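Two chains, two frames, some hints: make the complex.
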Amino acid sequence: MAKSEKPELMVNGKRLDGRMSGDLRHVRIESGVLKNAAGSAYVEWGNNKILAAVYGPREALPKHTSDPEKAVIKCRYQMAPFSSLEEHGRTGPNRRAIEISKVTKEVFENVIIRENFPGSEISIFVEVLQSDGGTRAAGITAAAVALAGSGIPMTDIPYAVSIGKIGEHIVIDLNKIEDNYSDADVPIAISPRQDKILLLQMDGNMSKEEVSKALSMAKESGKIITKLQTDALKAPYLKISEKYKNGAPSMPQQPQEQQPQQPK
Amino acid sequence: MKTTITGEYIKEMLSKGLREDGRKFFDYRPISITKGNLPQAEGSAEVNIGNTKVIAGVKVSVGSPMPDKPDEGNLITGAELLPLASEEFDIGPPSPEAIELARVVDRGIRAAGVIDLKKLFIEEEKVWDTFVDIYVLNYDGNLFDASTLAATTALLSARMPRYENEEVIREGNLGKLPTANIVTSSTFATMANKLILDPSGNEELFMDARITIATDESNVRAMQKGLSGGFTANEVEQLIDLAIEKSKNLRQEIKKTIGE
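Top line first, the protein sequences correspond to chains A and B.
Numbering (this note's numbering) for the first sequence: 1 to 264.
Numbering (this note's numbering) for the second sequence: 1 to 260.
If you're looking for bench data, these hints aren't it; they were derived computationally from the structure.
Fair warning: there could be bad hints in the mix.
Far from chain B by the CB rule (all over 12 Å, computed), these chain A residues [what the hints assert, rightly or not]: (1) Lys-74; (2) Gln-201; (3) Ser-216; (4) Thr-230.
If you only want the chain B side, here are some residues facing chain A, beta carbon under 10 Å, derived [stated by the list, open to error]: (5) Gly-43; (6) Ile-55; (7) Gly-57; (8) Lys-59; (9) Ser-61; (10) Ile-91; (11) Asp-133; (12) Asp-140; (13) Asp-216.
Fair warning: this is a prediction, and the values are worked out from it, not measured in the lab.
All C-beta atoms in this analysis are idealised placements derived from N, C-alpha and C, irrespective of residue type, glycine included.
Looking at chain B on its own, in the form it has when it is part of the complex (with noise of 0.2 Å):
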């Protein structure tokens, strides 16, 4: 709950070199991966950062190609601020900072060519669609880092399909979703004039301004600022050298779940 005895004590504590759980400015909370837990989806994956829990489902479907890219598969992405994560989330259509989720993740992946979607092309009109759904099931902060992970692994365990008759094959022997990269994003906030990263839920209430930087090994792939305050050059140049940094070790988690 936002309250100002909260937002003096974390600022304060800031101030102090310090953070409310104990971590350095630039941790992560502990995070873990898991895969592969919805099997009837074509792929899945959770993620734990801290308490923040989301789960991602890929279902590939045969569809339509887009107009301006007849030999490429779709990639569709959607995400979803249930209810049961936080006594602030509310049902109805999708809020802005869903879609916001949602699309910042959709982005990464796109850019960094995580699925090969010239390679989801079936016939003359018809493609792969691929679709990815996340699902926000308790929130603490960063669902844009645990969304892409979450994202990018259940992307990189998932079947493929045969479509064979005029039907899809979804059971059975079946080859993996054509993949060609890992993507990881790093959050970081800033408050009180110090810059973190991976805002828990309390940090995210008093945060001034936010980044998001989706990187693969060596570059940038997406980014999005977020909220009113602002960031220097510098800073931002600085926090992608860590994001860049940051990401060896997530890809790395990702990796052993997968099981490279």
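The following block holds chain A by itself, in its conformation from the complex (with noise of 0.2 Å):
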């Protein structure tokens, strides 16, 4: 699509999509989506369709890559070529992904009890089907669910949210058409029991004030997003205990004791 004028980002207060500065935006979150991944997470943001899966803790494969103390975390972040409005994208992480592995890489080494898995991997795929700007905000937030669903011990759920600069506005959550013609971007990602800023990038223009209101912004948006997360983790555990509440299921007969088949 061919870049137009600068759109008017923000009206009475108002922004394009009817949010006020500090809405985020519809959030849904789902965990053990995937069969075979340890853990999985499924999040809506938005227009944002994103996939996270969780493998390992297992063999650090190639064996030069393994830590003999701790486990290592691999990551890998990839844009699905149909997942834009726009082209065709291309197959494949470009420069732009690998700098985004790497970065939700660090987020996690932080929070994972490492020292737990010597010698092994855990690996984090976060796969986006769509995308509408904050995909890597959205990825960090499934990502930590899908590992806290796979039962590997964390410190901590990370949470992610970007924040950005509309002219005079400090605004949460930029979408796409934001993103593009915004004043300035700060993807955070937290770990809200720690209080640590475990991402933080930026690009644009912004007064220290303004930072430190995006990043206070950042946390107050925590609350919501956490409270999805552990309701999301909760969830197909509510459904059985939902399904059992009128008391455990009868236990199926133990057969009567077989004789073991003996081979002939």
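As structure tokens, this is what we get:
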């Protein structure tokens, strides 16, 4: 699509999609969506649709990548060639995707208790099926749920969100068109219990005061995102407890002791 | 995981006329097809066959024609065995398996004339490129049939962008991608001298040979035999009949999904 003139991103404090500056897009998280993975999550974040899956801990291969003291974390973020409304994308990770994979990996290196799994690797895969701005934040949020769902011990469940600047306004969760024309973009990942910033990137033009406002807005949104993450993790179990709310199912009759078959 | 005990178990059951999951030899696992899951793509579909899950996305862009077909659009099919789909899939350039999958799906679609490529001509040196990308999200066998179902459904439900004043218009009131046929495929495997339809992931670990037969309503449109084992000519003939028979239901599922 040809770059047309910059649209008016905010009119009377309202953004193009009707949100106020502090409003997140609609976020839906589902845990345990893929059968083969140790843990997985599907996140719809506005028009973003993202799958994350975790494999491992498993033997770190090739061998030279392993660490005898702790697990190594491997991460690949990738955008599907059909993910955008515009042209068909190139297949495979480009330089942008490789950078995002790296910073995502570093977020999880902080929270996974890696010492528990020396010599092994834990692989995190983030596939962006449909993109509309803020995919790295949504991907990290999804990967955190996939990891927690896999049962890999972590000190915290991080979340991520991107904060932006539109003219004088600091706004949360830029969508694609806002991202294209905004004055600054700051993706942030936070581990809420440690209260540590695990990912921070920025480009644009902001004063120190604006940066601190962005940080506090990210933390504010964390209350919502963290709740969505933990609710998603609990949902499959709540379904089971709902199913058996009138008591445990009767156990199937134990078959009479069978003679083990002798090989002939 | 490929263990001797699983293989022996599967083969012993087959010799008694049984399958691991209780199916008959020529039954599919439950199939579900949904379309339009990714509305930013021109077309999309998700297919589940048992625990196998694939999505297909269609993008349409302006490109140049092939030198030997200056008045036809292009079909470009890709497939990725994503590492999140199975312990066995690695990151890296497309594996021979992924390339075979993409090419077999491509041949079925192309040979059956699912897309009317002649209608994708824009002007001299300009035609529409139709990209079909298959994303394997969870592997449990029979990717060929799942991918062909997903690709066909995504194409049949795809929007057609407009080209106006050197610009591609992808939103608003758009027509449909010109399509002219429906293709489906049925994949059979042989193992312990038995023929089975729709091999599961476990069955694929131990099959001797595999054959995919893509058909439309009446004719064979593409075939691919795989692995080191073989089929007799009689078996191939029998399986073609079965594939055409099975295609009725598959075509019905596609039509139901696209609302015809």
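Structure-based check of each hint:
The claim that A:Lys-74 lies off the interface is violated: its Cβ sits roughly 8 Å from the closest Cβ of chain B, which falls inside the 12 Å cut-off. Separation of A:Gln-201 from chain B is adequate, the least Cβ-Cβ distance of about 23 Å exceeding the 12 Å criterion. Distance check on A:Ser-216: its Cβ is at least 32 Å (rounded) from any Cβ of chain B, clearing the 12 Å threshold; non-interface status holds. With a least beta-carbon separation of about 23 Å from chain B, A:Thr-230 lies farther than 12 Å from that chain, consistent with its non-interface assignment.
About 9 Å separates the beta-carbon of B:Gly-43 from the nearest beta-carbon of chain A, less than 10 Å, and the hint is met. Here the hint on B:Ile-55 is kept, as its CB sits about 7 Å from the closest CB of chain A, short of 10 Å. Contact between B:Gly-57 and chain A, as hinted, is supported at the beta carbon level, the nearest pair being about 3 Å apart and thus within 10 Å. Residue-level restraint check for B:Lys-59 holds (minimum Cβ-Cβ distance to chain A is 4 Å; threshold 10 Å).
For B:Ser-61, the interface hint holds, the least distance from its beta-carbon to any beta-carbon of chain A being 5 Å, beneath 10 Å. Contact between B:Ile-91 and chain A, as hinted, is supported at the beta carbon level, the nearest pair being about 6 Å apart and thus within 10 Å. Hint status for B:Asp-133: holds, given a least beta-carbon distance of 5 Å to chain A, under 10 Å. Nearest Cβ of chain A to the Cβ of B:Asp-140: about 7 Å, under the 10 Å cut. The hint holds.
At its closest, the beta carbon of B:Asp-216 sits 25 Å from a beta carbon of chain A; the interface hint therefore is violated under the 10 Å criterion.
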